[in-house]
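Model the full structure from these sequences, guided by the hints.
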Amino acid sequence: MLDIKDLTGGFDGNEIVKGVSLKVNPGEIHAIMGPNGSGKSTLSKILAGHPVYEATGGTVTYKGKNLLEMDPEARALEGVFLGFQYPVEIPGVNNAEFLRMSYNALLVNRGEEEIDPLDFDEILDQKMKTVDMDPKYKDRFLNDGFSGGEKKKNEILQMAVLEPTLAILDETDSGLDIDALKTVANGVNRLFNKDRALIVITHYQRLLDYIKPHFVHVFSDGKIVETGGKELALDLEKNGYDKYIASGN
Amino acid sequence: METKSSSRSDVSEVLSDKEEYKFGFVTDIEADVFPKGLNEDVIRALSAKKKEPKFMLDFRLKAYKKWLTMKEPDWQYCKYPKIDYQDISYYAAPKPKKKLESLDEVDPELLETFEKLGISLDEQKRISNVAVDAVFDSVSVATTHKKKLMEQGIIFCSFSEALLEYPELIEEYLGTVVPIGDNYFAALNSAVFTDGSFVYIPPDTISPMELSTYFRINTEETGQFERTLIICSENSHVSYLEGCTAPQFDTNQLHAAVVELITLENAEIKYSTVQNWYSGDRETGAGGVYNFVTKRGKCVGNGSKISWTQVEAGSAITWKYPSCILQGDNTVGEFYSVALTNGLMQADTGTKMIHLGNNTRSSIISKGISADQSNNSYRGLVKVGKNAKNARNYTQCDSMLVGDKCGANTFPYIETANSSVQLEHEASTSKISEEQLFYLEQRGISRENAITLVINGFCKEVFKQLPMEFSVEAQKLLTLKLENSVG
Ligand SMILES: Nc1ncnc2c1ncn2[C@@H]1O[C@H](COP(=O)(O)OP(=O)(O)OP(=O)(O)O)[C@@H](O)[C@H]1O
Ligand SMILES: [Mg+2]
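These protein sequence lines are chains A and B, in that order. Per this note's numbering, residue 116 is the first one in the first sequence, and the count goes up by one each step. Per this note's numbering, residue 328 is the first one in the second sequence, and the count goes up by one each step.
If you're looking for bench data, these hints aren't it; they were derived computationally from the structure. Hints should not be assumed to be uniformly reliable.
Derived PhoX-like pairs (lysine-lysine); straight-line CA-CA distance at most 25 Å [unchecked claim]: (1) K266(A) x K327(A); (2) K791(B) x K253(A); (3) K389(B) x K377(B); (4) K266(A) x K377(B); (5) K787(B) x K251(A).
Following this line, the structure appears as structure tokens:
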């Protein structure tokens, strides 16, 4: 589904991602763990097409297409979803209306008709239950004044509504309380199936108790330096990243 | 900031191939135009042409004499070449084929023009809750739904007609809110205004429909000087809408209007404007309307309220401060504004809230959006008289910059002679955020729609003040303008 080969890139000529190769097949969950500032979010933004970040080398193929040539909204319409580490606040934009607009964009892209607002409301209510979100958040402005945890829940709500093929969740667990973590993880698991794939970026092995990865990658200084199974996360939890950090860094 | 190596373009590029000003056409119609120039004889001729009562001519001449002694203001944050007031024609009217008895006899060319602007003057076709007065160059060409309004005693007609039919009302109120010598442009307007709308709402009456005026400048070297007077009697309520467009000329047209509002006890006037005069060429700045407007309301009666809402999206220069004089006790003044500038537009706009009565309240919400190389200034005055006990004002001024060649300024002035006053002021300046746009795009929303969402979100508090139909119109207008210029 996703094939990243020797990808390099960053912002303003600063190379942050320094040669990443990663293959993700349908039905797989990949976890990426690594020290602060190692470039995990930068990688995710390059994949999603953030205008500030530029791929300088390598290739990314998604469903057989050159992902790097697509506009960010085209990537989204093709099923790429980025759960942001820091979701932005957009005052004045109604949460539910925004979600419906987004949902409709996907429908139209598939050649289907836009959904009736009332029908959408039903879908939304049901999805909100799965992430244990109070319906009052429908009428709030998008992330505006949301607490850290509420923002993360709102990301997963969006994922639940949009049902992406490839979801990249950047530290969705940070900021969530213990109960919310479980709810959110269950929500994510429910969306996962053999046709979809998941990349979860996290600092905590705790999340991986709920969302069980097939692969764990250690990310350091812009590269994947080690790949293993679930046990790698346990090892990292115990021993830290010391042995992966290049000397003098 | 670097953009992606892929085909992705920046905001301005995405949007640059959009439709340009779509109201820029000229109607080819025979017009009765005065030769250029201004002097007493021109004013006499104008007044005679309109068969005005004597008090009106006296008013005009007095204003003209005053104007001659005044200086064009230069304190605003706008630059423009000197206006040659002798190089303008002060009267232009589409030549009527004969005297009009009903709408059926209005020149089809004119009806078509308004039709093209989205303003149908055919009462049958109109959405039933809006009555329209259509002003073409200097004169009103048609007013719809007059009969129906008259059943409730509501007078809604062109200013010229009102002068002939209701001279006492005009004589009593004209110039009581904006005195003849109030400012340079108001004095000029008082001397040479040609037409406009007149509204009188009798006591205890809620207007059954929205009243609206649609202004259209058509002739190239004519100034448009219209005059609007709205009187809302005790316990009455009216909502009034105003829209404007002009053809695309390389020369500048001068528009100097005066609007006066009067509310008696417990009356309420809600006045909304969506201004989309031609703003000149986006790149060269050639042409466009100079919009020097004096709008002011006086809450005469206790407990009355005046609310201004404006969406200013056009004109090469906007100089406009819709204001409220809160004379009665417990009166309320409101000002909600969105001013959008792009290309080389310059806007200096805001409001004045003059608190004279006790327990008077005012609120000001101003949203400025500047794009390209434009300049957008908010200028506001909150003045509290020494007898105005417990006056309150809330002011919020937000500016959004689109690109880095534009400017935004705020000039809030406060003068208070009473210590019991409560003032609150909030201000912010932000850039249209690439992060916000990216977030929305990542959810499959096109860049264009993302910009619309963010801008409309920014202006939400103002848009929600507009009547539904106007609000949709205004949002579309902003999107269209920004589609041409977000960068
Ligand atoms: N737009 C930017 N401007 C300046 N520096 C940036 C920018 N984007 C990323 N960086 C820098 O690039 C490096 C990688 O950042 P990135 O956010 O990818 O790290 P991360 O691995 O996600 O870290 P964390 O675990 O703390 O989220 C950091 O040193 C960061 O400061
Ligand atoms: Mg990160």
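Okay, the hints, checked on the actual structure:
1. Taken as a hint, the K266(A) and K327(A) pair is honoured in the structure, with Cα atoms around 23 Å apart against an allowance of 25 Å.
2. Proposed proximity of K791(B) and K253(A) is supported: the alpha carbons are some 19 Å apart, at most 25 Å.
3. As the CA atoms of K389(B) and K377(B) are separated by approximately 18 Å, the hinted pair is consistent with the 25 Å bound.
4. Taking the CA atoms of K266(A) and K377(B), the gap is about 65 Å. The hint is violated against a cut of 25 Å.
5. Distance check on the hinted pair: K787(B) and K251(A) sit about 19 Å apart at the alpha-carbon level, within 25 Å; holds.
In this structure, the one hint that does not hold is number 4.
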